[in-house]
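Asks: Spelled out, the chains give:
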Amino acid sequence: MSEVNGPSERFRLHVNGADREVVDAFAGASLLNVLRDHLGLPAVKGACEQGECGSCSVLLDGTLVCSCLVLAASATGREIVTLEGLTPAAGLSDVQRAFIEEGAVQCGFCTPGLITAVHDLLDRRPDPADADIREALAGNLCRCTGYGRVFAAVRTAAAWRRGEAETH
Amino acid sequence: MGWDAGDIVATMSVTSPDSLDAALAALADNPAAHVLAGGTDMMVELNFGRRSPAPVVSVGRIPELRGIDVDRSARFVRLGAAVTFSEFLASEAASQAPALAQAARTVGSLQIRNAGTFGGNLATCSPAGDTLPVLVALSATVELASRDGRRRVPVEEFMVGPKRSALKPGEIVAGVTVPIIDGWQGFATVGTRNAMVIAVCNAALVVDRHDRSVRLAMGSVGPTILRAPEAESVAARMLFGAEPTSARADLLVEFERRASAAVSPIDDQRSTADYRRHAVGVIARRLLDRASREMP
Ligand SMILES: Cc1cc2nc3c(=O)[nH]c(=O)nc-3n(C[C@H](O)[C@H](O)[C@H](O)COP(=O)(O)OP(=O)(O)OC[C@H]3O[C@@H](n4cnc5c(N)ncnc54)[C@H](O)[C@@H]3O)c2cc1C
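Chains H and D, in that order, give the protein sequences. Counting from 1, one number per residue, gives the positions in the first sequence under the numbering used here. Counting from 169, one number per residue, gives the positions in the second sequence under the numbering used here.
To be clear, the hints were calculated from the coordinates, so they are not data collected in a lab. Using N, Cα and C, we set each Cβ at its ideal position, and we do this for glycine too. Some hints could be false.
Here are some of the chain D residues that sit facing chain H, going by a computed Cβ distance under 10 Å [to be verified]:
(1) L188
(2) D209
(3) M211
(4) V224
(5) R229
(6) P231
(7) R281
(8) A283
(9) S307
(10) T309
Using the sequences plus the hints, can you model the full thing?
Replies: Here's what the structure looks like:
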């Protein structure tokens with residue numbers, strides 16, 4: 001049994017492959033709040049704080065969730081991966097490159113959540129049909145780019161994974 | 169939004185027991201503690217200051233609450249309370265309770281289905297909860313556990329009002345048992361888009377060939393999930409009676425009329441009561457129409 005007491009008790013999270021000490025978060029804080037404001041991972045965006053927009057999407061034990069709906073202090077002992085953890089040490093991931101290639105980024109606020117969701121989709125389903133893409137991204141709201149270019153980016157990243165050559 | 173200093177309560181604590189007994193002991197010691205599973209309902213309330221911080225017992229990782237069992241000879245599916253919608257959909261249980269799978273697949277988005285649980289949907293007990301009409305139509309049984317023991321409650325008795333359940337202090341939902349039906353079952357819902365909607369109204373229809381019964385359960389059209397016995401008897405006549413095929417269209421219309429007459433919806437920001445009453449009759453009729461065509 002693990003226990004976290006009091007408004008500012010310490011707890012430890014496993015984030016992007018490393019143990020991270022959380023020293024000054026409140027026990028009621030969301031994982032979004034802790035990742036962003038305490039552990040300095042700004043790819044985790046906070047917008048709606050009610051699970052509607054997907055900007056704060058992270059992988060929790062390999063499963064895509066909204067970090068705003070995870071109680072941070074309950075995530076001890078679990079494997080947390082943010083977009084920072086999906087980005088190679090040098091360069092960009094194939095999904096990130098595909099978003100650039102297809103112009104799927106406008107204001108950029110929803111982009112980290114979308115890219116995290118696309119990594120999750122392509123890892124589960126390397127060759128998704130359009131209906132799969134729509135269902136997988138239904139929880140990520142974009143209000144300026146629109147979804148056409150995002151869907152194109154998913155198809156492009158899937159094509160690269162099938163071995164089709166990158167064009168740039 | 170979020171936390172400010174005024175919200176902080178020094179007694180907030182988070183306990184993550186690794187067994188059901190430990191969780192029940194923790195709750196017995198502190199009956200005011202909040203049970204946390206996937207967090208998809210509770211965290212919204214916490215983030216928006218609608219739930220005051222309190223000690224939390226986190227049950228989402230307890231192995232005894234995460235089991236999915238399919239017993240084909242005893243003809244039931246059992247889902248542990250902490251089973252997520254996604255885990256259920258990926259399991260063989262989904263094909264044994266197809267209407268429940270249809271409902272689970274309409275919940276929120278992938279992110280919500282990956283975190284949200286059956287126990288949380290039951291305990292929240294929203295009249296719009298998508299699994300609830302299906303569980304009612306399937307005559308599911310809710311298992312409750314406390315340090316004092318276990319009890320089993322029909323889901324219709326578990327729901328006592330809007331957001332009010334039969335859960336007692338110190339008690340948690342341990343799981344839900346769903347009969348495997350020989351017949352037909354389906355779920356339908358009305359909302360403004362395919363994903364991420366709270367139902368304007370929803371409905372489940374179960375046709376049980378074994379006892380020649382039909383059960384219609386409707387959500388978001390009353391304080392709890394509502395059955396419609398008078399509509400059900402029309403459906404049973406249509407599917408199992410000696411009615412001529414020419415009577416089919418009239419029976420469908422009569423079924424729709426009786427389904428609409430059985431509800432007591434309210435006006436709110438999602439819909440008017442009038443539209444709900446109309447729409448729930450329409451989806452009920454479509455379900456019966458599909459059942460009559462698809463039943464082998
Ligand atoms: C963006 C969004 C979309 C949603 N869409 C839908 C939808 O389409 N359809 C739908 O039905 N719901 C929807 N919901 C609501 C929610 O996802 C479901 O009700 C879900 O089943 C809640 O489960 P949970 O494990 O996340 O509950 P939690 O948030 O962990 O808990 C919810 C409540 O249940 C209690 N509880 C949880 N588990 C137990 C237990 N085992 N025993 C006793 N009490 C328990 C908690 O104390 C709390 O009061 C949505 C929520 C969000 C944020």
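Asks: If a hint holds in the structure, say so; if it does not, say that too.
Replies: Here's how the hints hold up against the structure:
no.	hint	in the structure
1	L188	violated (12 Å)
2	D209	holds (9 Å)
3	M211	holds (4 Å)
4	V224	holds (7 Å)
5	R229	holds (8 Å)
6	P231	violated (13 Å)
7	R281	holds (9 Å)
8	A283	holds (5 Å)
9	S307	violated (30 Å)
10	T309	violated (29 Å)
Hints 1, 6, 9, 10 from the earlier list are contradicted by this structure; the remaining hints agree with it.
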